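So the sequence lines, in the order shown, correspond to chains G and E. Heads up: the first sequence begins at 1 in my numbering, then just goes up one per residue. Heads up: the second sequence begins at 1 in my numbering, then just goes up one per residue.
It is worth saying that the hints were derived from the structure and are not from the lab. Only a predicted model underlies this, so the values are computations on that prediction, with no experimental measurement involved. All C-beta atoms in this analysis are idealised placements derived from N, C-alpha and C, irrespective of residue type, glycine included. Watch out, some of these pointers could steer you wrong.
[To be verified] Between beta-carbon pairs, the in silico distance windows are:
| # | chain 1 | residue 1 | chain 2 | residue 2 | range |
| --- | --- | --- | --- | --- | --- |
| 1 | G | Q73 | E | A390 | 18 to 24 angstroms |
| 2 | G | A151 | E | R431 | 20 to 26 angstroms |
| 3 | G | G172 | E | V341 | 23 to 29 angstroms |
| 4 | E | W451 | G | G172 | 49 to 55 angstroms |
| 5 | G | L49 | E | A456 | 16 to 22 angstroms |
| 6 | G | E181 | E | R366 | 38 to 44 angstroms |
| 7 | E | P416 | G | K165 | 33 to 39 angstroms |
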Amino acid sequence: MFTLMQTRRLPHISLRIGRVHEVCGPSSRGFAAILSAPGAVFWIRETWLADTLHPLGLTSFRDPTLILTAVTQDQTDSLAVAEEALSDGASNAGALPYVVIEITRPLNLREGRRLQLAAKAGGTTGLCVIPEGMGSNAAETRWRASPVFDAQREDSTLMRWENIKNKSGTIGAWDVRWDSETRRLHVVSAAAL
Amino acid sequence: MFDGTQKRVACMWFPRLPCERVLRARPIEAPFALTLNQKNTDRIYCLTPQAEELGLQRGMSFADARAFCPTLVSQPAQPDLDTRFLSSLRRWATRYCPWVGREGTDGLVLDVTGSAHLFGGEEAMLTDMRGRIDRAGLTLRLGLADTRGAAWALAHFGEGRIAPGQARDRLAQLPVAALRLEPQMVVRLQRLGLRSIGDLLTTARAPLARRFGTELMLRLDQLLGDCPEVIGPEAEPPHFGVRLTFPDPIGLFADVMAATERLLMPLCDKLKTHEAGARRLMLSLRRVDQGSQQVELRLAAAIRDPARILPLFARGVGGVDAGFGIDQIRLEATVVEPLPVQQIGSMARQASPDRLNDLITRIGTRIGLENVQRFLPADSHIPERSFTIAPAAYSAPDSGWVCLRPRPLRLFPPEPIAASGMQPPARFKWRRMALTTARATGPERIAPEWWLEDDAWRSGLRDYWKVDTREGRRLWLFYTPQNPGWFVQGEFA
Chain G
1 MFTLMQTRRL PHISLRIGRV HEVCGPSSRG FAAILSAPGA VFWIRETWLA
51 DTLHPLGLTS FRDPTLILTA VTQDQTDSLA VAEEALSDGA SNAGALPYVV
101 IEITRPLNLR EGRRLQLAAK AGGTTGLCVI PEGMGSNAAE TRWRASPVFD
151 AQREDSTLMR WENIKNKSGT IGAWDVRWDS ETRRLHVVSA AAL
Chain E
1 MFDGTQKRVA CMWFPRLPCE RVLRARPIEA PFALTLNQKN TDRIYCLTPQ
51 AEELGLQRGM SFADARAFCP TLVSQPAQPD LDTRFLSSLR RWATRYCPWV
101 GREGTDGLVL DVTGSAHLFG GEEAMLTDMR GRIDRAGLTL RLGLADTRGA
151 AWALAHFGEG RIAPGQARDR LAQLPVAALR LEPQMVVRLQ RLGLRSIGDL
201 LTTARAPLAR RFGTELMLRL DQLLGDCPEV IGPEAEPPHF GVRLTFPDPI
251 GLFADVMAAT ERLLMPLCDK LKTHEAGARR LMLSLRRVDQ GSQQVELRLA
301 AAIRDPARIL PLFARGVGGV DAGFGIDQIR LEATVVEPLP VQQIGSMARQ
351 ASPDRLNDLI TRIGTRIGLE NVQRFLPADS HIPERSFTIA PAAYSAPDSG
401 WVCLRPRPLR LFPPEPIAAS GMQPPARFKW RRMALTTARA TGPERIAPEW
451 WLEDDAWRSG LRDYWKVDTR EGRRLWLFYT PQNPGWFVQG EFA
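Please construct the entire structure, taking both the sequences and the accompanying hints into account.
This is the structure in structure tokens:
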């Protein structure tokens, strides 16, 4: 299960199944929306967070019908729900292969490790949306996603995705653009670090 | 036709049921009446004998009644509570015979064939009924006869009992209203001089049927038993509860779970017989010190599979304080939904919605079932109202998403920025970041929905702009022309 790579994605830009990954930066929610498409996703956030996902904005990336959100009181609840959802293994039946967790305080090694174990048990992929610099040591990969100004196109979604930590591979950076008509990710160029 | 047993029917009529139901809970000395709003007027619905003595009557307008009797105490009637009270009386009346039905809104009809001897004969049974109802504080009129019609007629006009086979002589003296006819028909019969049932019986049937229709004949036949009439007993609503008492108290987690499993089997069997599924389960654990602990399980979908329900109880049972031990446990399905039997498919991977529902239930026991949500499309141009958030357990997915204009991925409450003018500012500061506008797309004007109160939209129209900054951030800004000001409300991916 661990050697399974998502073949329909670009080989460098993919999240390994059965592990928990991290993403930070202004475009982190776009990153999460693109990489979790087109299947179902369980999105866990705390109730006090002011900014919400806008499902109509999501329609250009993925189907908002397949998103289930869990609204929790604090991060302890968030992590418990995430562990439950990751270890459920419902992915085998195609129900919830992706779990996105919005993190508000840094995870310690124990919490990060427990999430990894849960993802391994369930064969699911976890993605923590973290604030800048709040990464956990247990994460498999850590990404930074930031928008880039595109002078050519008005409706551009040009972003720079940087892999800033990778436990089992090399790091790198790519300029990518989401094509909402073909629903594909185009790598514009491999950007210099 | 088999005629071995003479049918005997008793009719109980509670002439003042609504009033007495209220007075049972709160006795009042003064004249008392219940009012009901009928055809835009408050009318007297039911009243006590004390109020009747003062000249009040049923159906008179409440304003008149108050003018007649200033000391009248009144209260609005609640016919639905009366119906519920009558159905509990019906359940009580099954002590006399198993076959009890409701008669209108204020009566019961009992098929007492072959059960009167259990109470020492019919007279003794009627006395018993009268005594018990009297103790309950209700007025009762009783009739006992061979047919339902005759029992009704006796209860309402001339209380008592008719011995088998003597119906004709006794009923002949009763007025025609005892036939359960429409009031208009009673008036028409009286105009012709047909005042009592005896008058009708001596008149030729054919002209009567031609003049008054078949209903009169039907009622007459039902009264005398020439035409059968059914008594519809109501089925008891099924009770989904089971319990288990132990000779010795238990306290281990595994023991309680095993006992729960043993209770789940008969409960789920019963749910299956009624083609129902539990939506909410309550496990009550009674301890030896008479304390009681309760574990509530709210399920994301109706299920009746013991193997699936049992692990969902694990979290709740784990948090129970067993004290000196638990000696009785009760399991009750407090909310039940219809769940028809379904064809099982041959595909092995079919179980996905069930697994998802179980997951939602498990998560719901921790954070609350309504906190697992999904987005549903809504018909509005206002960004905040273009979608609704509904609990996933109580809603079905709806994929009717239409996005005509570009919309941001993240939406937050509007954050003011320092700028002026109709056009987006060339430079602005947002969240302590200095940003430079590279390209602005817009405006898209959205007008507030005047038919809904919304404080956020009191500033009037909004002109929305998508602003691509040179720093990379793509923001959703709006300008309010009626109250000049610039705000940031969202961010694109």
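Quick check on a hinted range of 18 to 24 angstroms for G/Q73 and E/A390, using CB atoms only.
20 angstroms, holds
Between the beta carbons of G/G172 and E/V341, is the distance compatible with 23 to 29 angstroms?
56 angstroms, violated
Determine whether the Cβ-Cβ distance between G/L49 and E/A456 falls within the hinted range of 16 to 22 angstroms.
Hint holds: Cβ distance 18 angstroms, inside 16 to 22 angstroms.
The hint says 49 to 55 angstroms between E/W451 and G/G172; measuring C-beta to C-beta, is that right?
Check passed, 53 angstroms falls within 49 to 55 angstroms.
Please test the hint of 38 to 44 angstroms on the beta carbon pair from G/E181 and E/R366.
With Cβ atoms ~41 angstroms apart, the hint holds.
33 to 39 angstroms as the expected CB spacing between G/K165 and E/P416, which holds or is violated
37 angstroms, holds
If I claimed the Cβ atoms of G/A151 and E/R431 lie 20 to 26 angstroms apart, would that claim hold in this structure?
24 angstroms, holds
Hint 3 alone, counting from the list given before, is not met by this structure.
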